[in-house]
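Undergrad: Each chain is listed here by its residues.
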Amino acid sequence: MAHHAAPGSLSFSRRVARLRRRATFDRVSFLAVFLVVPVALFVIFELSPMVQALYYGMTNWRGFSATMDFVGFRNYVQMFSDTKFLISMRNSALLVVVVPTITLVLSFAIAAVVTTGGRSIGRVEGLKGGGIHRVVSFFPYTVPAIVVGLIWAQVYDPSRGLLNGVLKAIGFKQFQGFAWIGQVSTAMPSSMFVIVWSFVGFYTVLFVAAIKGIPAETYEAARIDGAGRFRTAIAITLPQIADTVRTAYIYLGLAAIDAFVYMQALNPQGGPDFSTLTMSQNLYMEAFKGGNFGYATAIGVVLAAVTMAYAGVIFVVFRLLRGKDDGMRAS
Amino acid sequence: MSHRRTQTTRGDTFIATLSHVLLTIWTIVVIAPFLWTILSSLKTTKEILSNPFGLPGQLHWENYANAWNGAGIGRFFFNTVVVVGCSVLLVMVLGAMLAYVLARFKFLGNKLIYNIMLIAMMFPIFLAIVPLFFILQNMKLLNTLPGLIVVYVTFALPFTMFFLYSFFRQLPHDIYEAATVDGAGEWRTFFSVMLPMASPGMASVAIMNFVGLWNQYLLPVVLNSKKENNVLSQAMAGFASKAGYAVDFGSLFAAAVITVLPVFAVYVLFQRQLQGSVTQGTFR
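In order, the protein sequences belong to chains A and B. Residue 0 is where the first sequence starts when you use numbering that gives the first Met the number 0, and the numbers rise one by one after that. Residue 0 is where the second sequence starts when you use numbering that gives the first Met the number 0, and the numbers rise one by one after that.
By construction, these hints were calculated from the structure, which means they are not laboratory data. Check each hint, because a few of them may be wrong.
Unchecked claim - Using C-beta positions, here's what the derived DEER-type ranges look like:
1) B:I30 x A:A304: 35 to 45 Å
2) B:T23 x A:A39: 44 to 54 Å
3) A:N59 x B:L268: 49 to 59 Å
Said to hold, decoys possible - Derived lysine-lysine pairs resembling BS3-like cross-links, with alpha carbons at most 30 Å apart:
4) A:K288 x B:K226
5) B:K139 x A:K288
6) B:K139 x B:K45
7) A:K167 x B:K225
8) B:K226 x B:K45
9) B:K225 x A:K288
10) A:K172 x B:K45
To be verified - Covered by chain B, per the in silico footprint, the following chain A stretches (three or more residues, Cβ under 8 Å):
11) 23-29
12) 36-49
13) 130-140
14) 254-261
15) 280-293
16) 299-307
The model shown is predicted, which means the values in this text are computed figures rather than measured ones. For every residue, glycine included, the Cβ atom is placed at its ideal position computed from N, Cα and C.
Construct the entire structure; sequences and hints are all you get.
TA: And the structure:
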């Protein structure tokens, strides 16, 4: 357990190292507390339940009874004939494709306008007075997701909701009493909108920061070449912040696969005909309403696998895009 | 030349106007639900039902009193402050300690711990939630505030460690050596030299942990279902699901405002750190 000394002042470092290498009480107690306590917590309450999940997922465990049989992969086979599970999987897949894409397109558009959408002559700069939009659109990120969901459940209310009130006021009479999250055709899009709404500001801030890190000369060169705002945003800005976009895609995807809190607030039972039921909600119901702990745990394993697969796909896609990009630049 | 210049400027004006219009629409979409919530929190249920968009006849501040006392939001608020306060404090201490040891000491398993935590951060809590429920039950920690605190600390730990790791990495070695030569032990060196130097990073992570844990919903719903131990987020959900029948919409909106206020205050006070930290450690 030698500490790594900086190269350079060798004799000095060696003296320090010698001072340190002795297993004094100070040192032993220090490492015991600093390393063992946090790692123990992590192992007991995070790592071990994750590992145990693999085992419980292969049992027919119903919780409080002592009987628990090992059933191998039967739970996983059962999922394929479980309509509710299949619907929830389709819904989660839909969420993970749509939500990150729309959110990031919107965030990137706002970020690009706020940072580089200003005058087309002279120095490249942001839109005048654009900062206020950035600050305001960050607000939803600070609001607890459950409250976001509850507020929107009220906004979508057919009779006393804000949305139908506004629509009526501007002349769309046909929306009177329209149940946005109460019917199959609009429940999912309306729910998706809520999630997008709550994340756009956060990713705008993230992109603004990344764009500000791009050297100004890059933009000046593009401007001299005659690239307009849109071209500049797509051909210059986007590739320069590709790493940030990739990370954002992954985090948003994870949030969209989960989506638990929003959906619980909007439609706790999974919506009309389960049209907004997510895998996470399905797991929660199976476990803590139905007592099917073995089966629910197996769903958790599938959820984790889907999550990892998603992250993997994003990594590969961005690597391929990057590779193509490099190839073009080289030629 | 001058002709071209005016044309470009006219184009600029058009695009600037268009951008402003679009951005303003989005800003309104963002802010309208909040304003409506605040407005509704000051109306009677009758007013909300008969005229959801009108101004209140008079300001019904009693909605806040009703939510605070009648619906018990006061108690849940107190629970949340205790749980989140203790959790943030503990996770900052433990996370800083772990990050420091992993970043500055070489030993067998160092990289392994770091990498496992990094990977665990990617996995959904849903994977762990059922076994975790029974682990807490066996330890008699289920439905208790200490149990919830321990779980909060654990699940915030990898993120905290990961973020602070880079901070401790950057601290110069000379200072550590100087402290050693001056006779400071490992404990002293950490608490009176290293920790203060990492305080900018500590502040950012503490704020992010506060916001994240204040907003946490799944963990308390599953692991802390005893009514009197509820935290705000789960109490809000319970309140709202009841609101369909026994309706006090004014108080419901007031409760929403009460839940949002602390996080919002933190955001306004620490805007710079929060937005700065978004860009530093976590998302690179």
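Undergrad: Go through the numbered hints given earlier and state which of them the structure violates, listing their numbers in rising order.
TA: Structure breaks hints 6, 7.
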